[in-house]
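Protein chains in written order, with the working numbering: chain A, 6 to 369; chain B, 6 to 369; chain C, 6 to 369; chain D, 6 to 369.
In short, the hints are calculated from the structure, not lab data. Do not rely on the hints blindly, as some may be mistaken.
Just the calculated beta-carbon pair ranges, DEER-fashion [to be verified]:
| # | chain 1 | residue 1 | chain 2 | residue 2 | range |
| --- | --- | --- | --- | --- | --- |
| 1 | B | Q62 | A | E264 | 22 to 32 Å |
| 2 | C | L56 | D | P189 | 48 to 58 Å |
| 3 | B | S319 | A | E264 | 20 to 30 Å |
Taking lysine-lysine and the BS3-like style, the derived pairs with C-alpha atoms no more than 30 Å apart in a straight line are [to be verified]:
| # | chain 1 | residue 1 | chain 2 | residue 2 |
| --- | --- | --- | --- | --- |
| 4 | C | K92 | C | K168 |
| 5 | A | K201 | B | K261 |
| 6 | C | K274 | D | K322 |
| 7 | B | K183 | A | K274 |
| 8 | D | K103 | C | K274 |
| 9 | A | K261 | B | K328 |
| 10 | A | K279 | B | K183 |
| 11 | D | K328 | D | K92 |
| 12 | D | K200 | C | K261 |
| 13 | A | K274 | B | K310 |
| 14 | A | K261 | B | K322 |
| 15 | A | K279 | B | K328 |
| 16 | D | K168 | D | K103 |
| 17 | C | K201 | D | K92 |
| 18 | C | K200 | D | K279 |
| 19 | A | K64 | A | K200 |
| 20 | D | K274 | D | K310 |
| 21 | B | K279 | A | K261 |
| 22 | C | K261 | D | K328 |
| 23 | C | K261 | D | K168 |
| 24 | B | K201 | B | K183 |
| 25 | C | K261 | D | K310 |
| 26 | C | K64 | C | K92 |
| 27 | A | K103 | B | K279 |
| 28 | A | K322 | B | K279 |
| 29 | A | K200 | B | K279 |
| 30 | B | K310 | A | K279 |
| 31 | A | K310 | B | K261 |
| 32 | C | K200 | D | K261 |
| 33 | C | K279 | D | K103 |
| 34 | D | K261 | C | K310 |
| 35 | D | K279 | C | K328 |
| 36 | A | K274 | B | K64 |
| 37 | D | K64 | C | K103 |
| 38 | C | K103 | C | K92 |
Note that beta-carbon positions come from the ideal geometry of N, C-alpha and C, so glycine has one too.
There are 4 protein chains.
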Amino acid sequence: MSFSIGNRLRLTVFGASHGQLVGSTIEGLPAGIRVDSARIAEWMDRRRPSLSDITTQRKEDDSFSIVSGLMGDRTDGSPLTFLIANKDPISSHYDELKERPRPGHADLTLFLKYGEYRNYSGGGFLSGRMTAPLVAAGSVCLSILTNAGVNVNGWVQSIGSIKTSQIADSPEATYSAKTRIPDPVKDHEAEELIKKLISEGDSVGGSIHVSIHGIPGGIGEPFFDSVESVLSHAIFSIPAIKAIEFGAGFDLSSMKGSEAVDTIFYDGKNFRTKTNNNGGILGGITNGMPVDFRVAVKPTSSIRKELETVNLQSREKEVIRVKGRHDPCIAIRALPVIQCMSAFSILDLMMSSGNRSVLERLFP
Amino acid sequence: MSFSIGNRLRLTVFGASHGQLVGSTIEGLPAGIRVDSARIAEWMDRRRPSLSDITTQRKEDDSFSIVSGLMGDRTDGSPLTFLIANKDPISSHYDELKERPRPGHADLTLFLKYGEYRNYSGGGFLSGRMTAPLVAAGSVCLSILTNAGVNVNGWVQSIGSIKTSQIADSPEATYSAKTRIPDPVKDHEAEELIKKLISEGDSVGGSIHVSIHGIPGGIGEPFFDSVESVLSHAIFSIPAIKAIEFGAGFDLSSMKGSEAVDTIFYDGKNFRTKTNNNGGILGGITNGMPVDFRVAVKPTSSIRKELETVNLQSREKEVIRVKGRHDPCIAIRALPVIQCMSAFSILDLMMSSGNRSVLERLFP
Amino acid sequence: MSFSIGNRLRLTVFGASHGQLVGSTIEGLPAGIRVDSARIAEWMDRRRPSLSDITTQRKEDDSFSIVSGLMGDRTDGSPLTFLIANKDPISSHYDELKERPRPGHADLTLFLKYGEYRNYSGGGFLSGRMTAPLVAAGSVCLSILTNAGVNVNGWVQSIGSIKTSQIADSPEATYSAKTRIPDPVKDHEAEELIKKLISEGDSVGGSIHVSIHGIPGGIGEPFFDSVESVLSHAIFSIPAIKAIEFGAGFDLSSMKGSEAVDTIFYDGKNFRTKTNNNGGILGGITNGMPVDFRVAVKPTSSIRKELETVNLQSREKEVIRVKGRHDPCIAIRALPVIQCMSAFSILDLMMSSGNRSVLERLFP
Amino acid sequence: MSFSIGNRLRLTVFGASHGQLVGSTIEGLPAGIRVDSARIAEWMDRRRPSLSDITTQRKEDDSFSIVSGLMGDRTDGSPLTFLIANKDPISSHYDELKERPRPGHADLTLFLKYGEYRNYSGGGFLSGRMTAPLVAAGSVCLSILTNAGVNVNGWVQSIGSIKTSQIADSPEATYSAKTRIPDPVKDHEAEELIKKLISEGDSVGGSIHVSIHGIPGGIGEPFFDSVESVLSHAIFSIPAIKAIEFGAGFDLSSMKGSEAVDTIFYDGKNFRTKTNNNGGILGGITNGMPVDFRVAVKPTSSIRKELETVNLQSREKEVIRVKGRHDPCIAIRALPVIQCMSAFSILDLMMSSGNRSVLERLFP
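In isolation and in its complexed conformation, chain A is listed as follows (with noise of 0.2 Å):
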C-alpha cells in the first residue's frame, strides 16, 4: 500500500513495466457519464513512447480496453477499469541488473523494502510505465472538467537552461511543439540540445508549469486536504518529480507581505485579484483566479554513460552501463500524466465540496 489513492474518486493501480500488462481502476464516476474513448486515445498518444525522435524507441502503441464499468458508452456507475497490454517488455534488460542498483532508480531502494522478492525489471511496479494507466484513467477526468468549463492547461516550461516564459492555453497549443515548450524559438532549441544529449549518451531535466483556469471558488477541503495538499500528494506519486511550487512558490520566501498580497477586486461579476501570487489557493481554497503550479522533472537517470555502483550481494564496487530505451528528457512524456492527474485531484476535490451547484456543473 497504497496503490490507490483519492477520496471521492479512488484511483488504483496494478501490473508492472515488464509483466504482461498495465491497468488501473477508477471508482467513485456517477452513472450515465459518456466515456469517449477517441479522446482517451488522444491523451494516451500524448504520453506513449515513440512519439518522435527525442523519446524512447521502446515500441507500446498503449491500446487500452475498458472492461467493467460501461454500458454503451455511459458509465453505469461501477468501477471503470482500464487494461494495457505490455507488447514490447524485454525483461533481459534486466537480468544482468538483478544485483546490480541503477543509480537515481527504485533499484536499491525496492531491494531494501523487498528484498529477495522485489519486483526488479525496470522498476517493476514503480516504473514509469504505471502512468500509462494513470492517464488512461485521468485523461476520464479531464474530459468532465473541459465540460465543465475548467480547463487544466500545462506545457513544458523549461529543459535544462533553456526557458520560455511564453504560456499555452489549450492542448493544441502545447502539444504542436515537440518538446511542449510552446514557444517555437526555444522548442527549436530544446529540441537541438536533446539531440546532442542523446549523441552523448545523457540525459536531462525540464520543469512544467500547470494553469487551471476555471475553476470555482470554494473548493478544497481543510485542514489537511488544501488544494496544494492534495495536488502534490498526486504529482509527487508520479515518477521523476521532485519539486513543486504554487503561485509565486519559492520567490515568496524573499518578498515582503506588502508586495506579495494578492489584492482583491470585484470585476462586475466574481471576486479577483490583481497578482496571483498564492496560485489561487488561500487557506488551501481556491479563490477563483487560475491554480498556477511549477513542478520539476529530474532528468532521466538511464543513460548510456558508464556509472558506477555497488552488487547487492558481494557489496563490492561495478561498473554499469544501462541498456534499454530511455527518454533523453522525461519532461516531455511526464506532461500528460501531470495534466491527468491534476485533473484527477481537482475532480475529486470539487465532488468532495459536496456543492450542489459544483456537482450540477460537473454532472449536469
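Guided by the hints, dock chains B, C and D onto chain A, whose structure is given.
Chains B, C and D alone, transformed into the frame defined by chain A:
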C-alpha cells in the same frame, strides 16, 4: 473534511482561532509509550506567540492538557487528546473585517466556501493558531523517532534575501538563534531586517530546511504514498507554505542525468550515495540517506499598511488596515510545526511499512 | 485504531470510563446547520445513568459542552467536538480487579491486546460509558434526518422472554415506557422481572427493533458499503450487541423463495412492496420501504453473584463478586445509542450518495 | 463507491455479471508470499456454477488469471489482480426484464439509484457473479491463515427446516457433502428437498455456521473496528445475506447474566472460557476462543413461478416469470464466499494489530 490526516496514525484537529479552545486527537499509537509532558511543552514553547520581540505579541502560554489516552504517563492504546485553551482571543478586531476580506488571507475563500455561516474571526479554523495542537501531537511522534535514532533536524535557511549555507544538527543548535538561522552573523542580520520591517508595518517571507537523519531504507509506500507525497501532503496543510523541493529540487530541472544520478557505494555497514540529489528518496522510498527538503514560507499577510480590498456585500472597493498582533516573519514560528508534522508523517510511514525490525526499533 | 468511523461523516471518540472525561468529534457536517442543544440534551437524558430505579445508580448528569464547530448555534463547517466530564468515577472499585478479569467483560481481551499498560478501570475505553459521546454526536444526525422527514424509530422489543409485537412510531411513544417496551402490559411485566433480578443480583438480555421511515430509495453504496454492511458495522461497535437481522432475518433461512420475495407495486406516488421481508434493502440499496432491523443485547456481565475467573499473574482460579453500580438490563440504555448510531450511518450513506435531491432534502 | 473494502488489506472488485469479465484487486500483501494457484482453483471450484444437479446450470469454468503482483509464484508487494472471463453470459434473458424489476432482486434499487444508465443485466455489478473474484482474492488470505494455524471452518447448518447440530472441522468434511451439511442424513434430506423445489420452480433459504479456530487473543480494533463490526461489514456485502449472530447471538437476548457470562480458566497454556456464548469476542476483541458466528441466507429470488411486479415506465402491474439458470438454494454456493471473505477480514485485522508476534506468525 478533512480535519484528519494519516494512515496508521490519524491526527484530527478541532477548535478555532477565536473560539474557546483548540485541540487535537491522535490515534494509532500503541499502548505503553511513555509520554513526556516536559518535552511536549518544550516544543510548544518553540511555537508559541510572544517568543521574543520579533514575533507576535498575542499572549498565549499554550499550556495544554491531555484528557484521553494515558494511564499515568503511558499511552493506553486509545487516542491521545490535547486541549489548549485560547486565553487571549480578541474577536472584536475581526468584527469590522467580517465583510472586508484581508488580502492574502483565507477570508475570501472561507466566504466562497461557507457563505454566511463562515467562521470569520482571525482565520477561524484555518488560522495559524491551529498549529498549536499539531505541535502537541506531533512532538510525541518526534520523541518516538528521536528515541529510535531518527532525528528530524530543521532550521530557517533564509529570511528575505539573507540566506545561510550552515546546517543545524540538533534542536538546540537551531533554537538558540532568535531567527532560527543557525549562523550568528546571518541570525543577527535577519533580526535587524525584521525589526526594520516591524517599524515599517511590513513582513517578510523565509525558507526552511529539514534534514531527517537516521531513517532506515525501505520506508515509503508505493505507488501513491511516496515519501514525497506523504510529506508534502502534511506540510502543505500548514498555513503559509507555498513550495517544497526534495534534494536538489528545482535545480534538477536544469541538470544533466550524468550530473544528477547519485552514485551508490557500500560504506562497510550500509549502502550510501556519494551525492544526495534525490534527497534520500528514490521511487518514493527511502534509500537510507538523509531525507532532505526545503519549503518556502510566504510573508505574513497581516501587515499594518493600508491594503485595498472589496466589500463582500456591497462589492465596493475598500481600504483596510489590519489590526491585531501579528508575526513579521512567520517562518520562525512555522519551523517547529514543520518539524512536528514531518515527524508525524515519517512515523506514520514507518509504521505503515509493517516491517518487523522497524516496528521493534520504534516500539522496543 | 480505529476510534473513528464513517465516510462522508467521520466520528471519533476519546476518553475512558474512569478518566477525566469522554468526548467525540464529528466532521463532515456542512456549515449553517442549526444545532439545538436542548434536543441533544433530551437524547443524552434517554441514555444517562440513574434514569430510574431499574437502571444503574452511577451519578452522572452527562452535561456536555461543544467546544468546536459552532458560530452561535450554527455549524461552521469544522468538526463538532463534544466533551462530557466524568463526575462520578470510582476507580477504586477496579483496582482489586486489575489482575482478575471479570467474565463477560473486555478485561481479559484488553490484557491480551495491551498487556501491562492496559486501561483496566471499568472497561477503560471499551466501556458503555463511551456511548455518551456517541449519543451527543449522533443525536445531531438524528435531528437532521428528522427535519428531512426520515424517522429513526426504535423500541425495546423483548426483555428476557417477555416480548411485544407492538411498534412505536415516535420517541415519545417509546420513552414514556420505563423499559422502552411500547406496550403497557409487557412494560409492567418486564419492570417486575428486572426488579426481581436486581434483588437476586442478576441481569437479563433484551432485543431492540429499529424501523427507519421516510428514507428515500437508492441509498447504499455498492458493493461493500451496502446499507446492511454500514449499519451493522456501526451497531456492532456498541458494547453488548451480539446479533443483527434485517427484515425477516433468520426466518428467511427456512422460507421458500415464493414466500420470501416482496411483490412490487406502485401506490400512485412511489414504488412499494406488499411485504418487507428484505427490510427495505435489496442488493444493499434502499427500495423506499422502511429499513427494519432487530438486534440482540446481551445481559449485563456485571452481576452481584460470585463468578469464577483466573488471576492473570498467578493463573490460579479465583472467585470474584463485581462491585460497582450496574444496569440489570442494558438494553434499556442501549436503545438511544442504537438509534443515534443508526442515524449517523444513514446520514453518512445519504450524503455519500452524492444525489443532489437527497442533499437538498438534507441541507435545504 | 464503495467497490473497495479493508484497511491494511484493500480489496476492490470490478466487472459485471453479463459484461466481458469480473475481477478483483487485493493490495497490502507483503512481498514473498507463495501463491498456490491450485489452492485458489480449489476454492473457485467450490463456488462455481454447475457444481452438481442441485445448483445453477450456468456454464462457467471460472478459470482465472493473475495479471499483476507476482514474480513467479511469489507476491512482489504490489496488488494481486485477478481476471475471470464471463464465458456464458446470456444477456438477452434480461432485456425483456429491463423495465420489469424482478421482486427480491436489486433491479428496482438499481433503477432508483442509477436511473436510465443502470446496469440491468442479471443484477449487473450487484450479481452473485461478483463473488467469484472475491473467492479468488479471499482464498489467498485463507491459505495464509491456514499456514499460520488459523482455520476458517464453515458449513451449511440448515436448509429450510432441515438443520444439523453436527460441525465440520475441515473443508474436506464440508465439501464432501453435496449440500455442504456435514451430516449424511440431513445432507440427503436436504438434497431431496431441493430436488422437489426444483421441480416446483421454487427455492429455499439456509443458514451457515462459521467457526474460526486458532485465532490468537487480542485481535480486533477498538472502538469501531470490533471483530463483529469488521466481519459483519464484509459478510453483508455478499448478496443474499440478511442476518448474522455471534456466539449465542439472539439467544442472549432472553438469557440471564448468570447464564451468559463465560467463566474464565487457564488450561496450562492459554486462558480459555468454559462456554463460548460470546463467540470468542469480548469488547470487540478476540479472547483466544473460536470465533463463532451464524448467518442467514435468503432463498434465491429467481424462481420459475409467476411473480407480480410493476412496469418502471408505465407503472402498471405486470406478471413475470424469470428465465435464466438459477440456484435453488444459494446457501450452498454462498458458503465458500463467506469463508473467503471471513478470511480476508480476519487477516486484515491480524495485520492491523501491528503485533510483531502476530506478524511473524503470518509472514514468517
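Practice task
Could you check the structure against the hints above and give me the numbers of any it violates, in ascending order?
Solution key: 4, 7, 10, 16, 17, 20, 21, 36, 37
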